[in-house]
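Participant: Each chain, written out:
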Amino acid sequence: MILLLALLILVPAAAAMLRRNLVHSALLLVLSWAGLAAFYLWSGAEFVAFAQVLVYVGAVSMVVLFAVLLTRQNPDRAAPPDAAARLRAGAAVLTAAAVGAVIGHAILATPLPAAAGAPPVLTVRQLGLELMGRHAGSLLVIGALLTVALLGAVVLAAAEPGEKPGGKP
Amino acid sequence: MPPAPIFATLDPDRAFLERAPLLVRDFVTGLFPPSLQWLAGNLLAVVVIVLFFASLFALLTLAERKILGRIQNRPGPNRTGPAGLLQPLADAVKTLVKEDIVPRAADQVLHFLAPVVLVSLALMAFAVLPYGRHLVPVELDAAVLYFFAAGAATELAVFMAGWASRNKYSLLAAMRALAQLISYELPLLLSVVPVVMLAGTLSTTGIVAAQAGWTYGVIPHWHVLTPWGAAGFLLFFVSALAESNRSPFDLPEAESELIAGHLTEYSGFKYALFFMAEYFGMTALCGMGVTLFLGGWQAPCAFLEFIPSYAWFFAKLLLLLGVFMWIRGTLPRLRIDQLTRFAWKFLVPLALINLGTAAFWQLSAGWSGPALQLARWLVALALVAGPFTLLGRRLSAGVAPRTYRYAA
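Taken in sequence, the protein lines are chains A and B. Just so you know, we're using the working numbering here: the first sequence kicks off at 329 and counts up by one. Just so you know, we're using the working numbering here: the second sequence kicks off at 995 and counts up by one.
Don't read these hints as lab results, they were simulated from the structure. Watch out, some of these pointers could steer you wrong.
[Claimed, not checked] Rough simulated footprint, nothing fancy, chain B against chain A, three-plus residues with beta-carbon under 8 Å:
(1) 378–390
(2) 451–465
[To be verified] Partial pick of chain B residues on the chain A-facing surface, computed with a CB cut under 8 Å:
(3) Ala1100
(4) Leu1172
(5) Ala1401
Think of the CB as a built atom: it goes at the ideal place given N, C-alpha and C, for glycine as much as any other residue.
Working from the sequences, and respecting the hints, build out all of it.
Facilitator: Below is the structure:
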């Protein structure tokens, strides 16, 4: 079962990187997120799974798709990459490999205690109490961070006072 | 154990009609070997939901055309069968035999997938609605979240339809539809939060149970009969209209202006599937509205409890659907800027304030005595009505009321 879920998550992710068409890539990425939700559901984290669908499949996917559509695509992308691009790609692969190695080592070096007995069954109520009680501080910090990011986006997107809005309908 | 009476006013839990669907289910699953019974039970629920809501969809299309016809002073479809009753059948045959045209430039796979994804997601939402005392297809701890997660994913299908058609008008229309869906998702979710807050649970059965009981046996404890509940229900209703692309928010399809928007390149049965998904979404949202605000399957008065609970649920559901059709026959379509302004400047602030009203209601739950109760109601009503009036006045300043001069 876990292998099936891993395939459901990894295959679309891999396909997303290989596709030339950006919209296809984005939709495959969404499929991968949905697979992640299925994994959460399988491991008994019902609430997290639905939140994952609501936030990632519902909302973040839209942001990604809008970003893809609103940025100009270069029509002659099929041209063979020049030397500078190759260098950049090589550097990117090297960096990714280094980061992957560090993370992999960190995971392998951490002693993970084997799950003892039955996994805890958390209701939504307990989750809420935990979030609002013990982790209230971190929740507030994340909320403030997101608000600041939102305000920043609005400031970036807002037209300057002197600037005329482009093109009257 | 004594035989269950047919009409039990004392113990509706055991009345025969109340248990009839369960008995049918047990009979059908009893035909299977014990190891397969859970599967048979779930499959039965799926089959019943699909068949029931598909036939409800057929009837709704007919009812809508009849009611709209009457509102516009014409008879509506009346040629197929007695009084036009077979019209849905004729429509089904028509869409099935129509040629399925896919544009040559279209993205074949996505063009095909979009209606399939849309209908399957719309059907998934029906899984968690409590149709009756014992009729919940899937009991989930986070049922409300599941419902809205399934609803949010439909936006993806709209985008797929618009983009895969490889038609710039389809794409533009899909972007407009997405702007609308995203704008109205916020007030929709925010109007649901107070219910979850006061019921203290995300499970739909829990929310229905929180609305049980009557005052003096005639006034039900439904959420809609509290100040925050009434405001929440109105916000939910308006947002549901917009989320299901119904008039006056039917800009995504605007048949007279946009030639069906993102559906321009769809024909035949795929178009019918989109239509079906729209009605499924509308029905599911109405069912959620009934569950959250109108007491779910609870009877309005104690002495009416002998009528089985699922009958009450569907009576309320059909009532809400009828109001949807009535609104479609009454209100003209909004413009896109009016639409988004209405969502962000009016509905979202009111929904946020309603959260505060609900919090006050919850904190003052312990107040007893007529004076304190009166104060509680007055404060809550002021919290609801005050911002509504102020915001409405401010937003319509300089715009309304409009004056028209007609030719003499």
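Participant: So, for every hint listed, does it hold in this structure?
Facilitator: Status of the hints after comparison with the structure:
1. 378–390: Held - the region 378–390 of chain A has 9 residues with a Cβ nearer than 8 Å to chain B, which meets the minimum of three.
2. 451–465: Since three or more residues must qualify, the claim that chain B covers the region 451–465 of chain A holds, with 3 doing so at under 8 Å.
3. Ala1100: For B:Ala1100, the interface hint is violated, since the closest Cβ of chain A sits about 13 Å away, which is over 8 Å.
4. Leu1172: Because about 6 Å separates B:Leu1172 from the closest Cβ in chain A, which is inside the 8 Å limit, the hint holds.
5. Ala1401: violated (28 Å)
Comparing the model with each earlier hint shows violations of hints 3, 5; every other hint is respected.
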